[in-house]
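Visitor: Chains A and B supply the protein sequences, listed in that same order. Counting with the numbering used here, you get residues 8 to 205 for the letters of the first sequence. Counting with the numbering used here, you get residues 102 to 219 for the letters of the second sequence.
These are computed hints drawn from the structure, not numbers from a lab. Even for Gly, the Cβ is constructed at its ideal location relative to N, Cα and C. There could be a bad hint or two in this list.
Stated by the list, open to error - Label pairs and their in silico Cβ distance ranges:
hint: 1; chain 1: B; residue 1: Asp139; chain 2: A; residue 2: Arg170; range: 45 to 55 Å
hint: 2; chain 1: B; residue 1: Ala124; chain 2: A; residue 2: Ile189; range: 19 to 29 Å
hint: 3; chain 1: B; residue 1: Asp139; chain 2: A; residue 2: Gln101; range: 35 to 45 Å
hint: 4; chain 1: B; residue 1: Ala124; chain 2: A; residue 2: Ala163; range: 49 to 59 Å
hint: 5; chain 1: B; residue 1: Asp201; chain 2: A; residue 2: Leu158; range: 55 to 65 Å
hint: 6; chain 1: A; residue 1: Gln110; chain 2: B; residue 2: Val138; range: 47 to 57 Å
hint: 7; chain 1: A; residue 1: Asp88; chain 2: B; residue 2: Val138; range: 20 to 30 Å
Unchecked claim - Far from chain B, by Cβ distances over 12 Å, these chain A residues were calculated:
hint: 8; residue: Arg125
hint: 9; residue: Leu165
hint: 10; residue: Asp166
What the hints assert, rightly or not - So the derived list for chain A, only partly shown, Cβ under 10 Å to chain B, looks like this:
hint: 11; residue: Thr53
hint: 12; residue: Met57
hint: 13; residue: Glu193
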Amino acid sequence: MDSTNSDGVPLRATARDAFKIVIVGGFGVGKTTMVGSVSEIRPLSTEEIMTRAGVGIDDPTAVADKNTTTVAFDFGRITLDAERVLYLFGAPGQQRFWFLWDQLFGGSLGAVVLVDVRRLAESFYAIDRLEHHGMPFIVAVNRFDGPRPPLDRVRAALDLQPRVPLIECDARERDSCKTVLIDLVEHLASLHAPETTP
Amino acid sequence: MSGLAREDPDRLFVVTAGRADAAGPVLDLVSLIVGGVDAPPGTPSEHARILRLCRYHPSSVAELSAHLRTPVSVLKVLLRDLARTGLVAVRAPESARAPDRLPDLETLRQVLVGLHEL
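Let the hints inform the model, and build the full structure from the sequences given.
Guide: Shown next, in the form of structure tokens:
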């Protein structure tokens, strides 16, 4: 496991500018599936330490007092061109994770909130936190077997602002995940335009 | 298969020599680490493993953390050691979004081109 070659494509020698996009969602919603669908490497997993209080989180010596916990997250990589590379991180939406947001995911281009319509309530907190952190995002409903409520009902249930895109996707499908990422980046570009008053 | 993250917490304290932080470059999760040299004799094993991983191609902090099974903040201390002694170079994410600002349009355009070509 000491070789990055064991997990597929090494990064190009010319790579020099890396971007982050974060996929936020509850357990089992399909974050890692989505990462794996578009990643050029098998999704990797890493983790970060945080103290239970959520303070001193960049302090590895804090582990000495054993009053710590860890947050794990999976990620993948997409080479965009000779110099640019995009990393996709799957991030848990639970409360304790958000202490780490700025430290780990500050500077991200934006976020995708991945939603399971059977467990919409799990997304409320993530959406609230993203707004709090000033992180632009779109919402993607992962298609599962079962009820498929119309998107306008999902939008109402999530109390999404009209300007936040809401789309459906299939996290298992590469093209579908690619579309999600493109929609996010196009949304980020659209935010440069002044908001039109209805 | 045991990585630092699975070891006794005291072990993390030892490999970082108890330092909360180390002087050196600011490191992001997606800072790219460029090695290119073999570990000099006497290099601590944790540092030597990092040098092996980025010997022939750059590697992000996140990837190194995953491969070494070392929590990100611990890895950063070790990477700053290596950067200070010139054993690795750091390519910071130049186009990262500044707080409370949108990514610039040129960056977004370049990302879109790359995504469409997937």
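Visitor: With a cut-off of 10 Å on the beta carbons, see whether glutamate 193 of chain A makes it to chain B.
Guide: 7 Å, holds
Visitor: With 10 Å as the cut and Cβ atoms as the points, is methionine 57 of chain A at the interface with chain B?
Guide: The hint holds - methionine 57 of chain A has a Cβ within 10 Å of chain B, the shortest such distance being about 9 Å.
Visitor: Does the CB of threonine 53 of chain A sit less than 10 Å away from some CB of chain B?
Guide: Threonine 53 of chain A check passes; min Cβ-Cβ to chain B is 4 Å, inside 10 Å.
Visitor: Should the label of arginine 125 of chain A as a non-interface residue stand, given a Cβ cut-off of 12 Å to chain B?
Guide: 29 Å, holds
Visitor: Taking the Cβ atom of aspartate 201 of chain B and the Cβ atom of leucine 158 of chain A, is their distance within the range 55 to 65 Å?
Guide: This hint is violated: roughly 30 Å between Cβ atoms.
Visitor: Taking the minimum C-beta separation from leucine 165 of chain A to chain B, is that value above 12 Å?
Guide: The claim holds: leucine 165 of chain A sits with its nearest Cβ about 22 Å from chain B, beyond 12 Å.
Visitor: Please settle this one: aspartate 166 of chain A was flagged as non-interface, so is its CB more than 12 Å from every CB on chain B?
Guide: 23 Å, holds
Visitor: Is the distance from the Cβ of aspartate 88 of chain A to the Cβ of valine 138 of chain B consistent with 20 to 30 Å?
Guide: Cβ of aspartate 88 of chain A to Cβ of valine 138 of chain B: about 27 Å, so the range 20 to 30 Å holds.
Visitor: Given the hint of 45 to 55 Å, is the C-beta distance from aspartate 139 of chain B to arginine 170 of chain A inside that range or not?
Guide: 53 Å, holds
Visitor: Hint says 49 to 59 Å; check whether the CB-CB distance for alanine 124 of chain B and alanine 163 of chain A agrees.
Guide: 52 Å, holds
Visitor: That 35 to 45 Å hint for aspartate 139 of chain B and glutamine 101 of chain A (C-beta), does it hold up?
Guide: Hint holds: Cβ distance 42 Å, inside 35 to 45 Å.
Visitor: Given the hint of 47 to 57 Å, check if glutamine 110 of chain A and valine 138 of chain B actually sit that far apart at their C-beta atoms.
Guide: Because 29 Å falls outside the window, the suggested range is violated.
Consistency with the previously given hints fails for numbers 2, 5, 6, ordered from lowest to highest.
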